[in-house]
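*Asks:* So the chains spell out like this:
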Amino acid sequence: MSGLTFDIAHMLAGTLVLVSFLELYQDRLYALLNTFAVHAFVLTLSVAWQAYVQGAPHLYVTAAIALVFKAIIIPVALHRIIVRLGIHREIEKVVGVGTAMLIGMGLVALSMVVMLRVTAGADPLAREDLAFALSVVLLGLLMMVTRRNAVGQVVGFMSLENGLVLAAAGAKGMPLVVEISIAFSILIAFIVIGIFLFRIRERFDTVDLQALDRFRGERL
Amino acid sequence: MSLDAVAAILLIPALAAALLALLPGYRATARLNMLATFLTFLTALSLLLVRPPAGPYLHVDDLNNVFIVLTTFVGFTTSVFSASYIDHEIEIGRLTPIFVRFYHAMYQVLMFAMNLALVANNIGLMWVAIELATLTTVLMVGIYRTHEALEAAWKYFILGSVGIALALFGTILIYMAARPSVGEGLDAMVWTTLIEHAAAFDPALLNVAFVFLLLGYGTKVGLAPLHAWLPDAHAEGPTPISAVLSGLLLNVALYALLRFKMLLAANPQALAPGPLMVTMGLISALFAAFMLYRRRDIKRMFAYSSIEHMGIITFAFGMGGPLANFAGLLHMTTHSLTKSAIFFAVGHVAQVKGTQRIADMGGLTETHPVLGWGLVLGVVAIAGLPPLGIFMSEFLVVTSTFARAPWLAVLLVLAILIGLAGLFLRLNTIAFGEPRGPTAEATASYVPMFAHLALVLVAGIYMPPALVVWFQNVAKLLG
Chain E
1 MSGLTFDIAH
11 MLAGTLVLVS
21 FLELYQDRLY
31 ALLNTFAVHA
41 FVLTLSVAWQ
51 AYVQGAPHLY
61 VTAAIALVFK
71 AIIIPVALHR
81 IIVRLGIHRE
91 IEKVVGVGTA
101 MLIGMGLVAL
111 SMVVMLRVTA
121 GADPLAREDL
131 AFALSVVLLG
141 LLMMVTRRNA
151 VGQVVGFMSL
161 ENGLVLAAAG
171 AKGMPLVVEI
181 SIAFSILIAF
191 IVIGIFLFRI
201 RERFDTVDLQ
211 ALDRFRGERL
Chain R
1 MSLDAVAAIL
11 LIPALAAALL
21 ALLPGYRATA
31 RLNMLATFLT
41 FLTALSLLLV
51 RPPAGPYLHV
61 DDLNNVFIVL
71 TTFVGFTTSV
81 FSASYIDHEI
91 EIGRLTPIFV
101 RFYHAMYQVL
111 MFAMNLALVA
121 NNIGLMWVAI
131 ELATLTTVLM
141 VGIYRTHEAL
151 EAAWKYFILG
161 SVGIALALFG
171 TILIYMAARP
181 SVGEGLDAMV
191 WTTLIEHAAA
201 FDPALLNVAF
211 VFLLLGYGTK
221 VGLAPLHAWL
231 PDAHAEGPTP
241 ISAVLSGLLL
251 NVALYALLRF
261 KMLLAANPQA
271 LAPGPLMVTM
281 GLISALFAAF
291 MLYRRRDIKR
301 MFAYSSIEHM
311 GIITFAFGMG
321 GPLANFAGLL
331 HMTTHSLTKS
341 AIFFAVGHVA
351 QVKGTQRIAD
361 MGGLTETHPV
371 LGWGLVLGVV
381 AIAGLPPLGI
391 FMSEFLVVTS
401 TFARAPWLAV
411 LLVLAILIGL
421 AGLFLRLNTI
431 AFGEPRGPTA
441 EATASYVPMF
451 AHLALVLVAG
461 IYMPPALVVW
471 FQNVAKLLG
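Going line by line, the protein sequences match chains E and R. Per my numbering, residue 1 is the first one in the first sequence, and the count goes up by one each step. Per my numbering, residue 1 is the first one in the second sequence, and the count goes up by one each step.
No wet-lab data here; the hints were simulated from the structure. Treat the hints with care, as some may be off.
[What the hints assert, rightly or not] Looking from chain E toward chain R, a few residues come up when the C-beta cut is under 7 angstroms (computed):
1) 48
2) 49
3) 53
4) 56
5) 118
6) 164
[Said to hold, decoys possible] Calculated pairs, SDA-like style, for lysine to any residue (alpha carbon to alpha carbon, straight line, at most 25 angstroms):
7) E:172 / R:97
8) E:172 / R:183
9) E:172 / R:204
10) E:172 / R:58
11) E:172 / R:432
12) E:172 / R:144
13) E:172 / R:207
[Said to hold, decoys possible] Some, not all, of what chain E presents toward chain R, calculated at C-beta under 10 angstroms:
14) 15
15) 124
16) 126
17) 168
Quantities reported herein were computed from a predicted structural model and do not represent experimental measurements. Even glycine gets a Cβ: it sits at the ideal position worked out from N, Cα and C.
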């Protein structure tokens, strides 16, 4: 593999991690959605580049799905939901921005150490891709943990899935079955969430999950 | 592909789901639901006699055949219970016909997804099926649309998705490990091919993959500390779904875990998966046993009991060896049967009393003798008292552990005893003493409950030699 193809793949995957960090400190819903659209767009580029490098045309399909569904349809739809429901535009967080960024850096370091060590035998491109993918997955998890807002958690979950797609695209020759199904499951998951958001609204007049916490546990 | 039995156990629920989504009315569709699950069960039984050869997507061997027969059987009996349960829910107006139509269709989709996860020969396909099963149950848990049901469904959805995402990452890593020796493409995800070549895989990659798979699928099994979704989902959804969750879906996730454990066991350099499973199993069992005491909601209490038993089963499979694996399989079977029987009873009890609060129930054996004593029998069984089946399997787990790691066995016995005490403390309030709460007649179907309990009783007294040989074969397969 020539140096340039490797560098470009490396750069795109690294950008995805960077955008994950951007998502981590957004405190407005619209800004968060826009950042997520960028995240999905970077993923599209990254997957398309993998398709080109590996000569695997089916990966272009995955890239197209990422572009159409995740970078366009889902952010637009969530935008509309926010407008329609008139949700608070600010995202409540459990920990401060500084703490979240520090934890995020720790997670990235962790995934580098773990993945680079265990994949010593694999080809360098796949190694880097996996290490970055795990970082994105862990940052997505962190985002879900630190957000109190339902939309914030959903975005966290979707960027986590972006990390998984990156990993699947990096694993050379992985059958199409899985990629399509990932896209499919995101779609289904989205519908589910959409229904839930509407129902939460119907019942609580808020999409802030703290309102739900009152009903936690034993019903007495 | 010709239409064989494996395809049939997938096609019947799929067709039934489509049909049930279209048909109005609820009495006839409840019967159709029963019929479909019964046909699936019969087809699953035929797999014992004729077994089609493994393909790249589907296969049946001794191991998953146990799970398939158990799943389709409990699926059938639960659909019988569900018919009378739903009848009552419609009468009191808790569910509207449109939701019942949705519920029945989803029930079949769930059966389809679980069967697919069990017969899948492709680790990617297995993952997709488990994800589908998760999404269907999320929708069913939220079906009552109350505050609690929505919160439970949301929690289940978020934790379940995180679990399933981690499992996918593990699956990708397995593919990466397999690629150098199996080659690119479909083959590197086919389980029967993977197990043949497992010895040549990179052990470090396998280890990391297993950690992700254990955390991912372990969330679905309900192992502590990833169990938080389980009590809520059990307590707030319709009771037939609690029965299916506890009795079947947890097993399906455990099955996925076992497949990957076999993969690791086939590689001599890889980490031994046993100790990890033993640790998580033991922690879950102990934790859940202590949690049983403070429960005031009847379904929540039995949900914690499910965590305890899944912990014991995971512990047994983690110990490994022919005897412990045999005990684990037996325990899984008897637990599924008993726990779903208990939920059948609990469902009717909660309907009669109009609440799930334990404090509002009392003297059930006086007011509703059949239901009350059925519940007592179920709790006696689940607590692990002789002569019922769970006593047998727990006894086997404990004795096989004593021979190899006495200290672990002490902890396990402690968990079982604490759980037993907690259950009986609450059972005393519910079943005996002054009658409390409404005492209206129960319109219940007792057949599924007593059929399960009878099977558990038989398993405790006499196991047919054919069954013993079968389970022994599977135990050997598990290594």
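*Asks:* If you test the structure against every hint from before, which numbers come out violated?
*Replies:* 1, 2, 3, 4, 7, 11, 12, 14 and 15
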